[in-house]
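So the protein lines, in turn, are chains U and G. Counting from 129, one number per residue, gives the positions in the first sequence under the numbering used here. Counting from 1072, one number per residue, gives the positions in the second sequence under the numbering used here.
In short, the hints are calculated from the structure, not lab data. Here the structure is a predicted model, which is why all the values come from computation and not from measurement. Some hints here could point you the wrong way.
What the hints assert, rightly or not - With the Cβ distance kept under 7 angstroms, some of the chain U side facing chain G (calculated, not the full set):
1) L150
2) G238
3) V241
4) R271
5) I386
6) Y421
Unchecked claim - Below, a list of computed lysine to aspartate or glutamate pairs in the EDC-like style, where the Cα atoms sit at most 20 angstroms apart:
7) G/K1214 with U/D401
8) G/K1146 with G/D1123
9) U/K367 with G/D1361
Stated by the list, open to error - FRET-style restraints, in silico, Cβ to Cβ:
10) G/A1384 with U/E425: 51 to 57 angstroms
11) U/V322 with G/E1130: 33 to 39 angstroms
12) G/A1183 with U/Q343: 48 to 54 angstroms
13) U/D288 with G/T1282: 32 to 38 angstroms
14) G/N1340 with U/L289: 18 to 24 angstroms
15) U/Q343 with G/S1387: 56 to 62 angstroms
The beta-carbon is built from N, C-alpha and C at its ideal position, and this holds for glycine as well.
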Amino acid sequence: MTSADQSIGGFEQVRALVRRRLQDRDPVRTALVVPSSGEALKAVALAAAERLVAPVIVGDAALTQKTAQECGADLSGAEFIDLNQPDMAMMTAFQMAARGEIEAIVKGRGSTVDFLHHMLSDEAGFVRRGCLVMHVAGIRPARYDRMLFVTDAAVVPQPDLKAKVAMLGNLTNVCQACGLKCPRIAVLAAVEVVYPQMPATLDAAVLDKMADRGQITGAYIDGPLSFDCAVDRQAAEAKGITDSAVAGQADAMLAPNIETANGILKGMMLYGDAEVGGVLVGGIVPVVISTRYEEQEARYRSLLMALALATV
Amino acid sequence: MTEAPIHSAQALIDAARHIADAGRKKRVAVAAAQDVDVIEAVARAEAEGFLDGTLIGDESRIRQLADERAVALEKLQVIAQDDIASAAHRAVSMAAEGRADVIMKGFLPTSALLRTVLDKQYGLRGSGTISHCAVLDIPGYHKMLSFTDGGMVVAPDSEQKYQILSNAVTVARAMGLSPVKVAVSGAYHRVSEAVAHTGADQELVVARARTEMRDIEITGPLPLDLATSGRAAQAYQVDHPVAGDADIFLVNSIEECNITCKALINFANAVFCGVVVGARVPVSLVSRTDTVMNKKASLALACVLADYYEQTAHWSTTGLTT
Chain U
129 MTSADQSIGG
139 FEQVRALVRR
149 RLQDRDPVRT
159 ALVVPSSGEA
169 LKAVALAAAE
179 RLVAPVIVGD
189 AALTQKTAQE
199 CGADLSGAEF
209 IDLNQPDMAM
219 MTAFQMAARG
229 EIEAIVKGRG
239 STVDFLHHML
249 SDEAGFVRRG
259 CLVMHVAGIR
269 PARYDRMLFV
279 TDAAVVPQPD
289 LKAKVAMLGN
299 LTNVCQACGL
309 KCPRIAVLAA
319 VEVVYPQMPA
329 TLDAAVLDKM
339 ADRGQITGAY
349 IDGPLSFDCA
359 VDRQAAEAKG
369 ITDSAVAGQA
379 DAMLAPNIET
389 ANGILKGMML
399 YGDAEVGGVL
409 VGGIVPVVIS
419 TRYEEQEARY
429 RSLLMALALA
439 TV
Chain G
1072 MTEAPIHSAQ
1082 ALIDAARHIA
1092 DAGRKKRVAV
1102 AAAQDVDVIE
1112 AVARAEAEGF
1122 LDGTLIGDES
1132 RIRQLADERA
1142 VALEKLQVIA
1152 QDDIASAAHR
1162 AVSMAAEGRA
1172 DVIMKGFLPT
1182 SALLRTVLDK
1192 QYGLRGSGTI
1202 SHCAVLDIPG
1212 YHKMLSFTDG
1222 GMVVAPDSEQ
1232 KYQILSNAVT
1242 VARAMGLSPV
1252 KVAVSGAYHR
1262 VSEAVAHTGA
1272 DQELVVARAR
1282 TEMRDIEITG
1292 PLPLDLATSG
1302 RAAQAYQVDH
1312 PVAGDADIFL
1322 VNSIEECNIT
1332 CKALINFANA
1342 VFCGVVVGAR
1352 VPVSLVSRTD
1362 TVMNKKASLA
1372 LACVLADYYE
1382 QTAHWSTTGL
1392 TT
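All chains, please: the whole structure from these sequences, using the hints.
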């Protein structure tokens, strides 16, 4: 493997990969749902201008045109599906994806909780039976030498062992789609040893053993690892962890619960001097959700993750 | 007691020094002091004039370790007590007899030290749960943010959660904060069946804090961004005095606390200090991976808390279990 395959330096590398894959295929048909968010429109318009996406605007067409004009987003060439009820727009986009008419979805305005509710509903037909929908954040902290993919900050509150197995599979897929052949995944806990009274350490040890025995493949997996041991080789060595393929150089992390992943993500967004993006996986196509205050750049980075998944 | 609210690690160290300058220098008893990082931290703090340290433990080992790192021990008292259990007993006894204001952990397991501290014969037990309060100085946030509990209570019930909160509020008051602003952590600010799993407990804690605690603002669930960023709170139209201005982030699990703090320490250059709260004297822990600043700030935090106990006669009003 070349060094480029061994870690992802940042979103620019994901962008280059997506561009390369799009050289011999059409731009990704991407639905922007409830589109009256200036920052989301700008991000999609930028990706359209770069011929990364073919936008399909699902929502209030007149309001979208007005918003686009106000924020200077060029929507010429976009396809419009005029639906002024947000609930209807969301459902339509999920159903279009289920019919194979859409390759990626970007959420514009509105509550994420409502959006998830529609997405997971039977009526949408967007999630195949047995598939687990979850969020993967892509984070490039200024003080780390690579991108960190972290799950799950947004959907699965308190995964059990079975869910964690599925989550490791999804997480590996995202890393691979973004160009990492065999990601180094840390199963996080508060400590790096197994304590019977701490269930997160037990699950981590089991997942580690399942990977040893070939029940989980495609990634190097080590757990339990504390956050510092996952990203700092010296901290790992101080704790006596010297034979790990993950410690000190994790590309990805499975957090024990939603608040933990959310804490990492929000902490890095606000204080980590980090480039951040995120994508929902497990549905028929990748989906971008954003926090309301995220600007065009962050939404564009999230879109890149979705495009990487859509172009595999 | 500190007059001005403390909003940075440096201000915490300054406050400890002011307390010493006012003639109330705190006395720190170190249990099993044969740990080079601990010796160095205490020696530095002593040299800066904000505490008097007593090192209790294997004296020859203590002197050897100090030599190896060229730490001067002249100003520190050293009490020979080779056996670890006896050293813990000696340190805790000093606190029980009013001859030490802070107990510091040296070369022994945290659990062993706390067992000694909580042994009823010493009368140092508080009325409730013992918890760890981590106080972070995060560059980019305009005040310090406490995270609790990240080390003591693995799966707290709602009564324990309330006591964990109460301990953190005491630390905040010792830091001169008024009102104390508490955000109860959650991934979403809207409680939803789809994503909530800690709702009932949280509601109990919030409701009880609102009726039983004075001078406190509390709300939740709030994710970290809405708790500490005014801009984020505004975008989500969360209009509450705590939003964007939290002093305490009450977490849901030991993992959340530990991992979020470490992410901020590793990648956001946060200064970390912490103290074990709930016994009649603060218990200070530092670890090898702490920076010099972290260790100094942790000791300063323990001194500031000890002074608050003393100045407010905290334990005579809160009550001790014997």
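Against the structure, the hints:
1. Hint status for U/L150 relative to chain G: violated, with the closest Cβ pair at about 32 angstroms, above 7 angstroms.
2. The beta carbon of U/G238 is not positioned within 7 angstroms of any beta carbon in chain G (closest approach about 12 angstroms), and the interface hint is therefore violated.
3. The closest approach between the C-beta of U/V241 and any C-beta of chain G is roughly 5 angstroms, which is under the 7 angstroms cut-off, so the hint is satisfied.
4. For U/R271, the suggested interface contact is upheld, since its CB lies about 5 angstroms from the closest CB of chain G, less than 7 angstroms.
5. Using the Cβ-Cβ criterion of 7 angstroms, the hint placing U/I386 at the interface with chain G is satisfied: the shortest such distance is roughly 4 angstroms.
6. Restraint check, U/Y421 versus chain G: the minimum CB separation of about 4 angstroms is within 7 angstroms; hint holds.
7. With a C-alpha separation of about 18 angstroms, the suggested pairing of G/K1214 with U/D401 holds against the 20 angstroms cut-off.
8. Proposed proximity of G/K1146 and G/D1123 is supported: the alpha carbons are some 8 angstroms apart, at most 20 angstroms.
9. Between U/K367 and G/D1361 the alpha-carbon distance is near 14 angstroms, which keeps this suggested pair within the 20 angstroms criterion.
10. For the pair G/A1384 and U/E425, the supplied restraint of 51 to 57 angstroms holds, since their beta-carbon distance comes to about 54 angstroms.
11. The hinted range of 33 to 39 angstroms is satisfied by U/V322 and G/E1130, whose Cβ atoms lie roughly 36 angstroms apart.
12. Taking the beta carbon of each, G/A1183 and U/Q343 are about 39 angstroms apart, not inside 48 to 54 angstroms as hinted.
13. The beta-carbon spacing between U/D288 and G/T1282, approximately 36 angstroms, falls within the hinted interval of 32 to 38 angstroms.
14. The beta-carbon spacing between G/N1340 and U/L289, approximately 35 angstroms, falls outside the hinted interval of 18 to 24 angstroms.
15. Range check, U/Q343 to G/S1387: about 59 angstroms between beta-carbon atoms, so the 56 to 62 angstroms window is met.
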